[in-house]
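*Asks:* Take a look at the letters that make up each chain.
4 protein chains.
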Amino acid sequence: MSHIRGRFSKPADKLAARYTASLTYDRRLYQQDITGSIAHAKMLGKQGIITAEEARTIIGGLDSIREEIARGEFEFKTELEDIHMAVESRLIEKVGDVGRKLHTARSRNDQVALDTRLFVIGAIADTIKALRNFQRALLDLAEANKDVIIPGYTHLQVAQPVLLAHHLLAYFEMAERDIARLSDSFKRVDVLPLGSGALAGVANSVDREFLAKELGFSQVSRNSLDAVADRDFILEYEAGAAICMMHLSRLAEELVMWSSAEFGFVEIDDVYATGSSIMPQKKNPDVAELARGKTGRVYGHLLALLTTMKGLPLAYNRDMQEDKEGLFDTVDTLLATLEVFAGMVRTLKINPENTHQAAERGYILATDLADYLVKKGEAFRTAHESVAKLVNYAVRKGKSFSELKINEYQRFSPMFDEDVYQISVESSLAARDVSGGTSPRRVKQALARARRTVGRG
Amino acid sequence: MSHIRGRFSKPADKLAARYTASLTYDRRLYQQDITGSIAHAKMLGKQGIITAEEARTIIGGLDSIREEIARGEFEFKTELEDIHMAVESRLIEKVGDVGRKLHTARSRNDQVALDTRLFVIGAIADTIKALRNFQRALLDLAEANKDVIIPGYTHLQVAQPVLLAHHLLAYFEMAERDIARLSDSFKRVDVLPLGSGALAGVANSVDREFLAKELGFSQVSRNSLDAVADRDFILEYEAGAAICMMHLSRLAEELVMWSSAEFGFVEIDDVYATGSSIMPQKKNPDVAELARGKTGRVYGHLLALLTTMKGLPLAYNRDMQEDKEGLFDTVDTLLATLEVFAGMVRTLKINPENTHQAAERGYILATDLADYLVKKGEAFRTAHESVAKLVNYAVRKGKSFSELKINEYQRFSPMFDEDVYQISVESSLAARDVSGGTSPRRVKQALARARRTVGRG
Amino acid sequence: MSHIRGRFSKPADKLAARYTASLTYDRRLYQQDITGSIAHAKMLGKQGIITAEEARTIIGGLDSIREEIARGEFEFKTELEDIHMAVESRLIEKVGDVGRKLHTARSRNDQVALDTRLFVIGAIADTIKALRNFQRALLDLAEANKDVIIPGYTHLQVAQPVLLAHHLLAYFEMAERDIARLSDSFKRVDVLPLGSGALAGVANSVDREFLAKELGFSQVSRNSLDAVADRDFILEYEAGAAICMMHLSRLAEELVMWSSAEFGFVEIDDVYATGSSIMPQKKNPDVAELARGKTGRVYGHLLALLTTMKGLPLAYNRDMQEDKEGLFDTVDTLLATLEVFAGMVRTLKINPENTHQAAERGYILATDLADYLVKKGEAFRTAHESVAKLVNYAVRKGKSFSELKINEYQRFSPMFDEDVYQISVESSLAARDVSGGTSPRRVKQALARARRTVGRG
Amino acid sequence: MSHIRGRFSKPADKLAARYTASLTYDRRLYQQDITGSIAHAKMLGKQGIITAEEARTIIGGLDSIREEIARGEFEFKTELEDIHMAVESRLIEKVGDVGRKLHTARSRNDQVALDTRLFVIGAIADTIKALRNFQRALLDLAEANKDVIIPGYTHLQVAQPVLLAHHLLAYFEMAERDIARLSDSFKRVDVLPLGSGALAGVANSVDREFLAKELGFSQVSRNSLDAVADRDFILEYEAGAAICMMHLSRLAEELVMWSSAEFGFVEIDDVYATGSSIMPQKKNPDVAELARGKTGRVYGHLLALLTTMKGLPLAYNRDMQEDKEGLFDTVDTLLATLEVFAGMVRTLKINPENTHQAAERGYILATDLADYLVKKGEAFRTAHESVAKLVNYAVRKGKSFSELKINEYQRFSPMFDEDVYQISVESSLAARDVSGGTSPRRVKQALARARRTVGRG
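Protein chains in written order, with the numbering used here: chain A, 228 to 684; chain B, 228 to 684; chain C, 228 to 684; chain D, 228 to 684.
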């Protein structure tokens, strides 16, 4: 702080200092910050902006600070405001006045943009890895239960029978899109901001291409004002995370319902469930519930940053410091949720009798009856109406399809014949033999394809 | 944890345990938790559910745990999951098996509802106090600059001159509404949930009225399912906080603009400003910018909890554990912002020459010209049109109103006469002598009234 | 538009005119606008700002415009930008130049604040009425099924048996808070802004108290800048609506689940259900689903306005025109949802055999077993642990509580005796005889009390 | 409706019918719906599921319905619920019973997914086109004012001089990212859902590859459950729109400030400004304000859909019908804003004297002084401190840099020499000769490059 308050006659108010300090959370960026500073020092040396000897001294100092922090021996002093100042100040302590040259041709504005970009690059890689692991867990469960039939639902009403594996593959596809979305967003993070200075570009003969190469960026930013004012890459990560959490909230909802006494489709492994402080019998699907609940938190962070950025004039404004805590929490929440879901999914116990019994329930084969009539030549809409009336009749009589007599069928369409009794859950599944459909043949292919995509982990 | 996992055959997965644990943040509720437990134990004793001796032992144990925590000597073990279990477990360690009786006639569901309500009750009181302090700071600044004239803006275009004090009183009124809103919301927090048990009410002869009195509640909840499933009181606090932060963001925006070189209306005290790492001349209004930015965070927490609560079946669901971190951060952010704003406002330096000069600019008296014509008998809409054309003319000629000749005025309305030159910023102010208006007389009354409301602090 | 473009040399760009026009939606405020203008004209006449004759003429003109609009004969021309200009322009057409005097001592800024406040006042009244009607529907259903037992859930796991009526009363309480919240917010809408002019107060001897009385306000605004810059009253309505929709989304979720084949607790009346275009058997709870989905829309409007207002300098900014569409849609959505829910709830068919059977399931009486041991002298935590182990044992043996032998019970606690078999769903209910609890006696009292609150409609 | 209510004994409640109907807004999808149905009929014919003659009849009927709608002669009956039923019902009216075969091998679930995807595909194309046009407007303005210097700001404090063109190019880069983001998202919309049926895949020998080719999709969906349950592609568009509106809100904020009397940097063309109803002199930047305000609306729609989708079990739920209105309004708002901004930017009048004068203000060259010392061999941090103290001294003396004597300079560093007086706004600009920097040479290159990207339109 003292380093940059030369212009002022008074020290900062304590309250204000605490209000504006970010060191309590941006210390998390120390790796990125030191990595960036080392590349910067190397470049300054290479360009002769500082001597090679000075560069070496600075780099040595930075390396040892990194170790100090890793060992937990670094003292983070809030009055140093942020991680950048904390590291620079310690560097000067360690290596003396040469440390005062590190910030040449750089500003905190391009430095913090760099550090945050490096962090998001890591977060994208970690998230994709966690998504792949989650996909593998889905496949493991699907392959281990590949003959299990469940009722497919729309409007939470039983609709048509589907294979459990088919259902799980729907989540596989969602994760596949999540990965594609994050991969695409990577292109917009993969841009070096260093060299932009405070806002106008630096006034030294820096080598931005060298910096980009050192730090693994494939592009350099094209406009200095934009480079320090841009937080799109965080928003894009957070939007991707929000969509991904939404997907997980859907699976969570299903796991909660499926493990209810009324559904009884699955049992969550004890290690992912918790008990009640008062009701001794309870086995609660807390992990699934919390994941569903944490969706709110991730949405909240996205909207928080969108709100913060709204209406800010160029270039950097201090409001933007608010980008970090939400980002960190988004990454932590998403990674933890994916990781714990992978474990929970892998250990899920399916109750195939219950699911199969449920898949027989509630006139679930009505569509197949309509399809039957269509195959006999009826127009679809007419077939649909006939079967709808048949269902209405059966409900009133309290009979299932198999309990209806053929003459009862024929009241609703003369096309019904004895072969109507051959319609079964199995025939229904087999009939959906279209790409993307739930027939056993198609699902087997889809499983194989999915496994090729992700490997065995 | 072990206390409530008797039903399970395996311990929790480590990852899952960390994912579901809340102790890292709900330890903040230890005061509320122990206060609630002491009242509960007292009630159990009074009702003969436990003996008087047992109650005394438990209360003694709880008191000493409270001191342990206050002294920083309490070990928070994450495996104990939450503050409730951490305290109960330590109680049993300290007082032996009698501690196992504390949780009689209680569930974590009503316990956590109680703790959170007690927290919000404290937060409302603190926030109102901080709002009062902020109001006093506005009044201090207004009274110290009671003759300062600034341009009033609409659309950020100079509109009509107003007193700075009048402008500051607008924020006073916003804070007044914030206080009223929080006070009203208090009625819905001031309800004792204890006795609701897990969801159905407890099966013991508890005395809920006694508990309410002990804990300072004026009502007891009327439905046990609702009592454990309700988080409206947090949402209502967060909505009030969001509106309050919105108000502060507007003042922040003005302070940022007013301290720009272009406006030059105010100078923020050095102790509330910070410098630049690269531009030595910079004096940045960081506190105001951060407050504006933190508005996003507070909005985010509100939306997070609304999202979390959406579509949850009754009664308690683990999703609801997500209510706490957002609440804590909302309270902390709002209180810190109000406190630091009070200081910043109180020490703000006004540049009256600049504001007065700005208040003379840009045909700001055009409305007064129209009012002048209306007083001479012109219909308002016609007067407005005549003056609008006059302005158009003056702009093209590059003349101010005072530089226009009387015959130039008369081209636009024959009603213009020499007394038009008497229109001034001062006459404009004085003319707005309506309740709520900016005339010096009205503003003086408003200041006196506001001061009576808040006192001198 | 032409009325207020005298200052400009060119007409507005067509695209820009459409972009800025609000007439397509603010025409909905015509009643409020004309009511406000009539009161304003009356006041202008009373104060001698215009003559009594002029006032009469203007009021007559406004009355006939109101009728024109009501009869659908009014032509809304977008080039007139907004409802205020549309009405004023038509007034001048109808009554001639005297119409040009109506806007004396008024600005669109205080006028639109007035109109919107009048609208919100109506919306609050309508919403409270709709909430009362919804409460009555809940009571009708509860009273008609007052002996029905359902499993109470936490974490969607069966927890303890409760009365359906008790469950429905939880929603009654939520609605009660919604009403209280809206009623409280009314105090902050019930403030007359007229007299504030554009931002500084008007320069005429207006009688604001008279206006307030005419228009039914009990207070006048205390600060003109605040009066035209304030939209808190919309935000507060929208926050209340968001919380109310959240409540309805919870009920919707339950109705969707309860009408699934797996739960089978309720049947939604045919008139509130829809079919499938392809699956003839489907009966979908669309109304409940849509209500759950529309929660997003109402949250979105709240966030939208919070975002819009963030960081706006005083006083009026055109951004604020964005307040209306979200408000209108919020009111429409909330009222329609309440109305359709009242009908759906009232006609809901309960399947008591299914609910009762479900209420017997899953060791739901485990808490009662623990309470039993506590009554025999065991410490609660110990009793809880014993029963948890008993449950674990029973699960492994595949036995229900009633199937366990007494010696099996006694393995887990010597305090178990033959009277343990007397524990039943009914005894469990009866035992929760605490205020707010689910015992039949308490629920009967609660129903009676609730009915007294709302009457029979 | 009647078509799909065969299963029910009663017609829908009127209120419920209105509540659930989407025809009032989804009629906007009629083009997409008919295009999809024509391709579907063609495929049914090709596969022999219906005869070639039947296919021809259906296609002819659909074509003529499309024309009826285009001519405004189609009667949209709300009781037909949605656009799909409205078209099918009219088809049957027109072509008789053969029309009842159109819905073979299709469900509304995959049909509405198809229609919405086709709509979003069009929206992406339109948005990219509008963004390109906006970029061209930025370039037109930049090229026409390529020598204009403005103060660059951080924290809204003058920081360093920059070229206006450089500033405008920052927005060009933002738009470039918006385009890239939308283009990437296109890959996830470009997937044919047809063939997925209600949820499980259809039971006919459909040719999905043929359908994809007919409708211009490059992929077919891989999982039928996912295909009907997925709304990611809307969310991704809305997230991109939110980020884009955030960018526009920043430009809007600058235009509002820059057109204030205090800044006086720009004048918005009369055709994009509006007047006041009361203040005749006002020229308000309404278009910019509304764009800033509409950012809230677009954020709101994103949150709304995220909320709606949260926690929905697979596959289709009626909640998802809520996806459309927000999407339509997002597209309309974004396109209108881009279009009107292009016009406003192109016609913006810059006041170069004002901007240049502002760029001389406030020790804006302090960084150049520090750079000067660094070039003389001083360490950057030391140079920064010396200049900060120099600024503090100059502020207290009330002197600008050029008014300081050389010996005053030398009090703060002995390295200052007479050549310090050569530092100027122009030398400062020229010095930032780094890629992405504001030097005239670099900006010229950047303009040329940008122009090559977008052409002249």
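Just so you know, not all the hints are guaranteed correct.
All copies of an identical chain are treated as equivalent in the list; a pair is satisfied when it fits inside any one copy or across any two copies.
Unchecked claim - Taking lysine to any residue and the SDA-like style, the derived pairs with C-alpha atoms no more than 25 Å apart in a straight line are:
| id | residue 1 | residue 2 |
| --- | --- | --- |
| 1 | K671 | S445 |
| 2 | K237 | D556 |
| 3 | K304 | D434 |
| 4 | K414 | S445 |
| 5 | K603 | G625 |
Bear in mind the hints are in silico, worked out from the structure with no lab data behind them.
*Asks:* All the hints need checking, so say for each whether the structure fits it.
*Replies:* Cross-check of the supplied hints:
1. When the C-alpha separation of K671 and S445 is checked against a cutoff of 25 Å, the pair qualifies only between copies, where the shortest distance is 24 Å, while the shortest distance within a copy is 40 Å.
2. Taking the shortest Cα distances, K237 and D556 never come within 25 Å of each other, neither inside one copy (35 Å) nor across copies (30 Å).
3. For the homomeric pair K304 and D434, neither the shortest alpha-carbon distance inside one copy (33 Å) nor that between copies (51 Å) is at most 25 Å.
4. Taking the shortest Cα distances, K414 and S445 sit within 25 Å of each other both inside one copy (9 Å) and across copies (23 Å).
5. Taking identical chains as interchangeable, the C-alpha atoms of K603 and G625 are never at most 25 Å apart, the minima being 27 Å within one chain and 49 Å between chains.
Figure legend: structure checked against the earlier numbered hints; hints not met, in rising order: 2, 3, 5.
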